[in-house]
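Undergrad: Going down the list, the protein sequences come from chains A and B. Basically the working numbering = 1-based index in the first sequence + 4. Basically the working numbering = 1-based index in the second sequence + 4.
Any given hint could turn out to be false.
Heads up, the list lumps identical chains together, so a pair's fine if it works in one copy or across two of them.
Below, simulated BS3-like cross-link-like pairs (lysine-lysine); rule was C-alpha separation at most 25 Å, straight line [what the hints assert, rightly or not]: (1) Lys316 <-> Lys282; (2) Lys117 <-> Lys200; (3) Lys212 <-> Lys76; (4) Lys117 <-> Lys282; (5) Lys147 <-> Lys73; (6) Lys263 <-> Lys117; (7) Lys316 <-> Lys10; (8) Lys263 <-> Lys73; (9) Lys282 <-> Lys263; (10) Lys282 <-> Lys21; (11) Lys10 <-> Lys200; (12) Lys10 <-> Lys162; (13) Lys117 <-> Lys10; (14) Lys263 <-> Lys162; (15) Lys160 <-> Lys282; (16) Lys147 <-> Lys270; (17) Lys212 <-> Lys147; (18) Lys10 <-> Lys208; (19) Lys21 <-> Lys162; (20) Lys200 <-> Lys316; (21) Lys263 <-> Lys160; (22) Lys270 <-> Lys316; (23) Lys208 <-> Lys76.
It should be emphasised that the hints constitute simulated quantities derived from the structure, not laboratory data.
Number of protein chains: 2
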Amino acid sequence: MNDSIKGTMMSYRPDIKVLDATIRDGGLVNNFAFTDEFVRNLYQTNLRAGVDVMEIGYLADPELFDESKFGKWKFCHEDAIRSVLGDLVSPEMQLAVMADVGRANVARDLPDKQDSILDMVRIATYINTIPAAIEMIETCARKGYHTTVNIMAVSKAKESELEEALALLGQSSVEIIYLVDSYGSLYPLQIRDLAKRYLEAGEKYGKKIGIHAHNNQQLAFANTTECAMLGFSYLDATMAAMGRGAGNCAMELLLGFLKNPRYDIKPVLRFLQDDMQKLINDGVVWGYDIQYLLTGYLNQHPRTAIAFTNEKRQDYFTFFQELQENE
Amino acid sequence: MNDSIKGTMMSYRPDIKVLDATIRDGGLVNNFAFTDEFVRNLYQTNLRAGVDVMEIGYLADPELFDESKFGKWKFCHEDAIRSVLGDLVSPEMQLAVMADVGRANVARDLPDKQDSILDMVRIATYINTIPAAIEMIETCARKGYHTTVNIMAVSKAKESELEEALALLGQSSVEIIYLVDSYGSLYPLQIRDLAKRYLEAGEKYGKKIGIHAHNNQQLAFANTTECAMLGFSYLDATMAAMGRGAGNCAMELLLGFLKNPRYDIKPVLRFLQDDMQKLINDGVVWGYDIQYLLTGYLNQHPRTAIAFTNEKRQDYFTFFQELQENE
Chain A
5 MNDSIKGTMM SYRPDIKVLD ATIRDGGLVN NFAFTDEFVR NLYQTNLRAG VDVMEIGYLA
65 DPELFDESKF GKWKFCHEDA IRSVLGDLVS PEMQLAVMAD VGRANVARDL PDKQDSILDM
125 VRIATYINTI PAAIEMIETC ARKGYHTTVN IMAVSKAKES ELEEALALLG QSSVEIIYLV
185 DSYGSLYPLQ IRDLAKRYLE AGEKYGKKIG IHAHNNQQLA FANTTECAML GFSYLDATMA
245 AMGRGAGNCA MELLLGFLKN PRYDIKPVLR FLQDDMQKLI NDGVVWGYDI QYLLTGYLNQ
305 HPRTAIAFTN EKRQDYFTFF QELQENE
Chain B
5 MNDSIKGTMM SYRPDIKVLD ATIRDGGLVN NFAFTDEFVR NLYQTNLRAG VDVMEIGYLA
65 DPELFDESKF GKWKFCHEDA IRSVLGDLVS PEMQLAVMAD VGRANVARDL PDKQDSILDM
125 VRIATYINTI PAAIEMIETC ARKGYHTTVN IMAVSKAKES ELEEALALLG QSSVEIIYLV
185 DSYGSLYPLQ IRDLAKRYLE AGEKYGKKIG IHAHNNQQLA FANTTECAML GFSYLDATMA
245 AMGRGAGNCA MELLLGFLKN PRYDIKPVLR FLQDDMQKLI NDGVVWGYDI QYLLTGYLNQ
305 HPRTAIAFTN EKRQDYFTFF QELQENE
């Protein structure tokens, strides 16, 4: 059963990198309304904890989104990032932003790497917009950035579509291809099957593979550890699992699992008790709950569960009937 | 990798049985102070949901525990059970109690099966009290009950001890041997390795194997699904994961995973919104939290995390330092 396992519970793979997506995925919960102090504390926490990459938001197109309605981390203008993090930046940790296909103009809005504090651009795409994603990847790569591509909602894709997508991306300049369980619907058995497909493509085309999990069925951490054991190189996590809907793989769980002495859970515990607890006390709500279980189980987008949460409903039985009518 | 997997995501194994441990493990959270109405509603919910066995409490020795300090489900006197459930009992679902080695007198307190509403006795033992557990197993078997043995805290046992324990139990009258992750410390990779040892013993001695997981690292459901895929026959779960400390594998997650049309999540959703929500509103506290993650990660008993919870502490960093001093 374990013939594909890379490493044991005692060893570690130095090629594994941890990416903190708290501001980016967590920003979907609070419209990116993080204080500068929070983001600075998080930066220093990540640095001390050994986190390899910190994703600080989206590169959203200001022509499509009203800047007055969101915090600055949805747009990540170069000067805005520098004014908050400029004096802290260390070569020990990369800074990343996410650019959604159809919602970002990387050709216009992203400076050349030599003029930017950013190191990495992560292109988020659905499987039917791969050609547009590749155009964005090539633009970012030409500008000098590390690039990832995050194929969202892969639980909805046919195997044949995924094979074609991986082949197209394999021939692009992208460095890292992410398996994204957007709906938190995949069981470990399914994740392992998908992981094998991604790793085969990675080997064939010389790409590294990453995992971005959601916690609808309390499987984000388990699925992330499975991918790590099978040979994935990039593992996404967020503080206290903060992220859209049910949230992500919790950083505090992941750092406990990883055996590389580079990683240290203690600064994360301090950040949880001081900064994350404050967010929770302020009424920001995310994380596993029955409504997210149900959208995950039915392999549906979590938007209905987010609305259920916002309406403070608890009638799970009726909600489940509503979801089944959406099938 | 999947050569040992029994079944696919679409098929099901009819030999898989689901055991609801809400009253027994959840009773550790509220001193078994469930209302009769709650227990009756739970019985009917389990029956409608297709649950195979309902565990209704402990057979605690009244000479060791003060009956005025606990609800009746800690003692499970025959007349007490009958007065609450007698008119509901259906042959479709078995009733079980747990008897702890050293804390129960099954010879004296357990009636013969022909005089009892109970079907199954689960003997809970640490690995160093297996001979006493076997004596209890034989007593219960002679009285006519189905029996399980639950080897607790297996994450602390040496492989050689476990081999010996499984061999001894294999030669006893016990029908089902449980893998119990008492501290919620085992990762899926470790669970699979242990599962293989239990399954080998089960095959050799003709015993069925079960899993009882705890959710300290949000792995209870994942580990339960792994055991199910590998060939375990008995899967423990509780409503809303209610159980000591971080709780158990949630019934609502497990029934979503199982493909046998016998199981139905809908009655469970009703019970969650009506009865479990009431417990939560009344201030009963359990479930995954950072303090449980930390005891799980360090493979320690959750008692310190339970105290941390009861004291409403949130200083995770200091707590972690305290735990490391206990190592």
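Undergrad: With 25 Å as the alpha-carbon cut-off, assign the pair Lys147 and Lys73 to within, between, both or neither.
TA: neither (29 Å within a copy, 70 Å between copies)
Undergrad: For the identical chains here, do Lys263 and Lys117 meet the 25 Å Cα criterion within one copy, between copies, both, or neither?
TA: For Lys263 and Lys117, the Cα distance exceeds 25 Å both inside one copy (33 Å) and across copies (51 Å).
Undergrad: State whether the alpha carbon distance between Lys117 and Lys282 is at most 25 Å within one copy, between copies, both, or neither.
TA: neither (35 Å within a copy, 55 Å between copies)
Undergrad: Check Lys212 against Lys76 for me: Cα-Cα at most 25 Å, and say if that holds within a copy, between copies, both or neither.
TA: neither (30 Å within a copy, 57 Å between copies)
Undergrad: Under a CA distance limit of 25 Å, which applies to Lys117 and Lys200: within one copy, between copies, both, or neither?
TA: The answer is neither: 33 Å in one copy and 51 Å across copies each exceed 25 Å.
Undergrad: Indicate which option fits the pair Lys147, Lys270 if close means a Cα-Cα distance not exceeding 25 Å: within, between, both or neither.
TA: neither (37 Å within a copy, 53 Å between copies)
Undergrad: Indicate which option fits the pair Lys282, Lys21 if close means a Cα-Cα distance not exceeding 25 Å: within, between, both or neither.
TA: So Lys282 and Lys21 fail the 25 Å test inside a copy (28 Å) and across (43 Å) alike.
Undergrad: For Lys160 vs Lys282, is the C-alpha pair at or below 25 Å within one copy, between two copies, both, or neither?
TA: Result: close neither inside a copy nor across copies, 36 Å intra and 36 Å inter.
Undergrad: Checking Lys263 and Lys160: alpha-carbon separation at most 25 Å within a copy, between copies, both or neither?
TA: between (33 Å within a copy, 19 Å between copies)
Undergrad: Indicate which option fits the pair Lys270, Lys316 if close means a Cα-Cα distance not exceeding 25 Å: within, between, both or neither.
TA: between (34 Å within a copy, 20 Å between copies)
Undergrad: Evaluate Lys10 and Lys208 at a C-alpha cut-off of 25 Å and name the case that applies: within, between, both or neither.
TA: within (18 Å within a copy, 31 Å between copies)
Undergrad: If the cut is 25 Å between Cα atoms, do Lys117 and Lys10 qualify within a copy, between copies, both or neither?
TA: neither (34 Å within a copy, 51 Å between copies)
Going down the numbered hints, you'll see the structure goes against 2, 3, 4, 5, 6, 7, 8, 9, 10, 13, 15, 16, 19, 20, 23, while the others check out.
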